[in-house]
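With our numbering applied, the sequence shown corresponds to residues 3 to 149, in that order.
Don't read these hints as lab results, they were simulated from the structure. Check each hint, because a few of them may be wrong.
[Said to hold, decoys possible] Simulated restraints on C-beta separations: (1) Ala60 - Thr145: 20 to 26 Å; (2) Ala68 - Leu130: 16 to 22 Å; (3) Glu72 - Lys112: 17 to 23 Å; (4) Gly139 - Arg119: 32 to 38 Å; (5) Val105 - Thr70: 22 to 28 Å; (6) Gln134 - Gly103: 15 to 21 Å.
[To be verified] With a straight-line cut-off of 20 Å between C-alpha atoms, the simulated EDC-like cross-links for lysine to aspartate or glutamate are: (7) Lys112 - Glu72; (8) Lys112 - Asp15; (9) Lys112 - Asp138; (10) Lys112 - Glu131; (11) Lys112 - Glu21.
We put the CB at the ideal spot given by N, CA and C, even for glycine.
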Amino acid sequence: METMPTDPVSGLDALTLAERYIALWTEPDEHRRRAAVRALWAPDGAHFLRPPEEMVRAAAELGFDALTLEAHGHAAIETRVNRSHARVVATGEYTFRARGGAVRAGDVVKFEWEPVRLDGDVVTGGGLEVLQLGPDGTIVRDTMFPH
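Model the full structure from these sequences, guided by the hints.
Below, the structure written as structure tokens:
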């Protein structure tokens, strides 16, 4: 397996940034994932997730009209990535990959991704990622829209 780059992200094109982002979620080594989080996100960066529809409906039934899950800062983002890895990738059943190209407009990068079953290359969902970058090219806001 190729070593995950942890060098600064300033100057990366949209596709390379998207590839490094996806590689983070599939990286088997926890220490490399930690280093990649610190390389990709600003120290006070945030990850926002629009939860699955069933969770949104359950929250609405309880009177919550807007539901967004949030992780702020490196430690919280590392926890989010590690738990996702444990539930999806570490089982050996799935991986993630980018779908299509990535585009950049100013300090915003957008790309799509998909989880794929390893026993037959079957796509089982997907999502849209919108990254807002800071002046140094690190992620200050990451908004994930699964679909």
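Each hint tested on the structure:
no.	hint	verdict
1	Ala60 - Thr145: 20 to 26 Å	holds, 21 Å
2	Ala68 - Leu130: 16 to 22 Å	holds, 18 Å
3	Glu72 - Lys112: 17 to 23 Å	holds, 20 Å
4	Gly139 - Arg119: 32 to 38 Å	holds, 33 Å
5	Val105 - Thr70: 22 to 28 Å	holds, 24 Å
6	Gln134 - Gly103: 15 to 21 Å	holds, 19 Å
7	Lys112 - Glu72	holds, 19 Å
8	Lys112 - Asp15	holds, 12 Å
9	Lys112 - Asp138	holds, 18 Å
10	Lys112 - Glu131	holds, 6 Å
11	Lys112 - Glu21	holds, 12 Å
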